[in-house]
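2 protein chains.
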Amino acid sequence: MGIHPNVLKNIRHVTPYVPGEQPQRKVIKLNTNENPYPPAPGVRKVLEEFHTDALRLYPDPAAELLTEELARFYEVEKEQVFPGVGSDDVLSLCFLTFFNSEKPILFPDITYSFYKVWAELYRIPYRCPKLDKEFRMNRADYYQENGGIIFPNPNAPTAVYEELEFIEDILEHNRESVVIVDEAYVDFAGKSALELIERYDNLLVVQTFSKARSMAGMRIGYAIGNKELIRYLNDVKYSFNSYTLNQLSLICGAEAVRDRAYFEKNIRKIIQTREKAKGELANLGFAFPDAKANFIFATHPDYSAEELFLALKKADIYVRHWNSERIKEYLRITVGTEEEMRILFDFLKHYIK
Amino acid sequence: MGIHPNVLKNIRHVTPYVPGEQPQRKVIKLNTNENPYPPAPGVRKVLEEFHTDALRLYPDPAAELLTEELARFYEVEKEQVFPGVGSDDVLSLCFLTFFNSEKPILFPDITYSFYKVWAELYRIPYRCPKLDKEFRMNRADYYQENGGIIFPNPNAPTAVYEELEFIEDILEHNRESVVIVDEAYVDFAGKSALELIERYDNLLVVQTFSKARSMAGMRIGYAIGNKELIRYLNDVKYSFNSYTLNQLSLICGAEAVRDRAYFEKNIRKIIQTREKAKGELANLGFAFPDAKANFIFATHPDYSAEELFLALKKADIYVRHWNSERIKEYLRITVGTEEEMRILFDFLKHYIK
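Those sequence lines, one after another, are chains A and B. Per the UniProt record's numbering, the first sequence starts with residue 1, numbered consecutively. Per the UniProt record's numbering, the second sequence starts with residue 1, numbered consecutively.
Because the hints were derived from the structure by calculation, they are not lab data. Do not rely on the hints blindly, as some may be mistaken.
What the hints assert, rightly or not - A short list of chain A residues far from chain B (calculated; beta carbon distances all over 10 Å):
hint	residue
1	R12
2	Y74
3	E79
4	R127
5	N138
6	E176
7	C252
8	D302
9	A311
10	R326
11	I327
12	E339
13	R342
Claimed, not checked - Example chain B residues on the side facing chain A (calculated, C-beta under 8 Å, incomplete):
hint	residue
14	Y37
15	L55
16	Y58
17	V85
18	D89
19	L96
20	F98
21	N100
22	L164
23	N202
24	A212
25	A216
26	G217
27	V236
28	T244
The C-beta atom is built at its ideal place from N, Cα and C for all residues, glycine as well.
Chain A extracted, bound-state conformation (with noise of 0.2 Å):
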């Protein structure tokens, strides 16, 4: 019989978003920008010792031990952060939050594909300025009147990072909008936008656990904005579900942020790793905007990148491949381990002669 034309009609239909494929079996994952060092060693200890009685409890609803680990590695006050369940939670409820304007929010043409689900999601009206040929961001592009502006830095797919400089002319320009830098690679790039938080109140900052802290199977994200703002979002949260993060996100996520040596080291391994991929890459002929991130947006003149991509996952090495105008020619690799790369390269070698 099927289900009432009137039910049916009646039902919020979205094109979802199609995550990167997570292969059952055991191949070389360069596909989904993960980290391929585990997580900070005193995580294990805090699981091993976790008293599972407590989880007949609620979790904390304002998740307080994560986020004054937080406020003290970030140098803010706990009140300026805001955690969710990784940074897509956090970043659309920031849409559902801060967007509720008439006037069209803007992000890049290429960038995030999640920006585009959310305002459709939530009917808000969006207008994308495109990137340059060499995928960067035209400031004058973001001076229009707007409803609210989001763009990731570094962006992705492309890796491409814009310095301090070019986020304040944003802000400078935009003190009537909520401006969201999405900074989940940032720690790959250089200088977070943070530090233009006590002298911008329209700014947020949306960082997440799954890239540089290894923990993306998790679930970790937060905002670092003015009080003000933060309580905003804390209003729409308290309204939507009140215990977002499990108690074990809770002192995993604070154990992970204790450990800032394991960190730096952790990032310094894959940027040493990137920075030769790129060399490997060059060699090959690829060519690639400037890479930032944990991942490298390469093109070879010679080879179609689909045709790639498939040899590639013949051989059991996935990278990410859309089928979208003006980037169908690109594969995004992942910066995986030493091996995952010399496997990878020795694949490259052998196929383009």
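Based on these hints, arrange chain B on the given structure of chain A.
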């Protein structure tokens, strides 16, 4: 200087739900309907054996481990199960996905307070038929034109349970609307509406791990319904945040579902304590609708609920009280351990001469 008025204008202002207090001191905590007993013993083992290195990877976005275990438990197909970060996450997503009509959705005037908050958050029109004096729903109220229906069974905070014949009658009169039965407390009550799913493709049943499964701290909830409704829910979820349940929720949740014997024993103990507590309350002169959840909604003819609430709190016994029309003379008392209830009744016997 403060945030620019144009920024403030575009912020979504909501009145957040205020969750029950989570006191940091050791108190008799009968205020948030948590389970007084620990989760299934296997959960501890699963955590101990977990290889933390895996946390560097994203969790399975389809949460297969958990949906398969739930499908086995409830004898449905895994495509009929939608898991989320607590039933609040699942319910909120249901509002967003299914309640997009111009017509008002319907839910009782006295019920889980989040329904109103979500409706306002998503700007869904709603109407709240009044419960009768015994806090029962009048079925005819749900025959009117609507854009969807939601109610808990047993209802909260009243603990009143409606038989399946009542649910089926509402389904029968609403073939053109999605009807959501929120069964957070059903395991303490009677039959679940799950057995109606085959016959009503407009029915969604939502349950949680926070009550009968003793895992409020883990944040797991789920909806079960026909595959098509579940697919729409997944589409919206994948456009929100592909990876919601973290790896530990998946393995601990699956383990808890496997242990049916523990689950049933846990429920039996709580029901036993509840039935005894009803006798004690009646002896003390309290009146209450027949309680079918893990809490009792009680009023006393000679003592104001607020007075009792504050006196109990002073004695480090936390129960829940709302200063709202129609229910301000009631206390919601969670069923704790035998020992916790003894302490509660020792106090009340002394207080109520």
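Cut-off 8 Å, beta-carbon criterion: hint that F98 of chain B touches chain A: 6 Å, holds
Closest CB of chain B to the CB of E79 of chain A still more than 10 Å away: Holds, since 15 Å exceeds 10 Å.
Examine each Cβ of chain B, and state whether all of them lie more than 10 Å from the Cβ of R326 of chain A. 22 Å, holds
Is R127 of chain A truly not at the interface, in the sense that its beta carbon sits beyond 10 Å from all beta carbons of chain B? At roughly 16 Å from the nearest Cβ of chain B, R127 of chain A sits farther out than 10 Å, so the non-interface label holds.
Identify whether the interface hint at L164 of chain B stands, where standing means a beta carbon of chain A within less than 8 Å of its own. At 21 Å from the nearest chain A Cβ, L164 of chain B fails the 8 Å test, so the hint is violated.
Quick one, is the A212 of chain B hint okay against chain A at 8 Å, beta carbons? 11 Å, violated
Confirm or reject: C252 of chain A is not an interface residue toward chain B, with every Cβ-Cβ distance exceeding 10 Å. The claim breaks: C252 of chain A does not keep its Cβ more than 10 Å from every Cβ of chain B (closest is about 7 Å).
Less than 8 Å between beta-carbons is the criterion; does D89 of chain B satisfy it with respect to chain A? D89 of chain B check passes; min Cβ-Cβ to chain A is 5 Å, inside 8 Å.
Interface exclusion of N138 of chain A relative to chain B, criterion Cβ beyond 10 Å: 24 Å, holds
Can we trust that R342 of chain A is non-interface, i.e. its beta-carbon lies farther than 10 Å from all of chain B? At roughly 19 Å from the nearest Cβ of chain B, R342 of chain A sits farther out than 10 Å, so the non-interface label holds.
Closer than 8 Å between Cβ atoms is the bar; does G217 of chain B clear it against chain A? Give me holds or violated. Where the cut-off is 8 Å and the nearest Cβ of chain A is about 4 Å from G217 of chain B, the hint holds.
Could you check if A216 of chain B really has its C-beta closer than 8 Å to a C-beta on chain A? 4 Å, holds
Hints 1, 6, 7, 22, 24, counting from the list given before, are not met by this structure.
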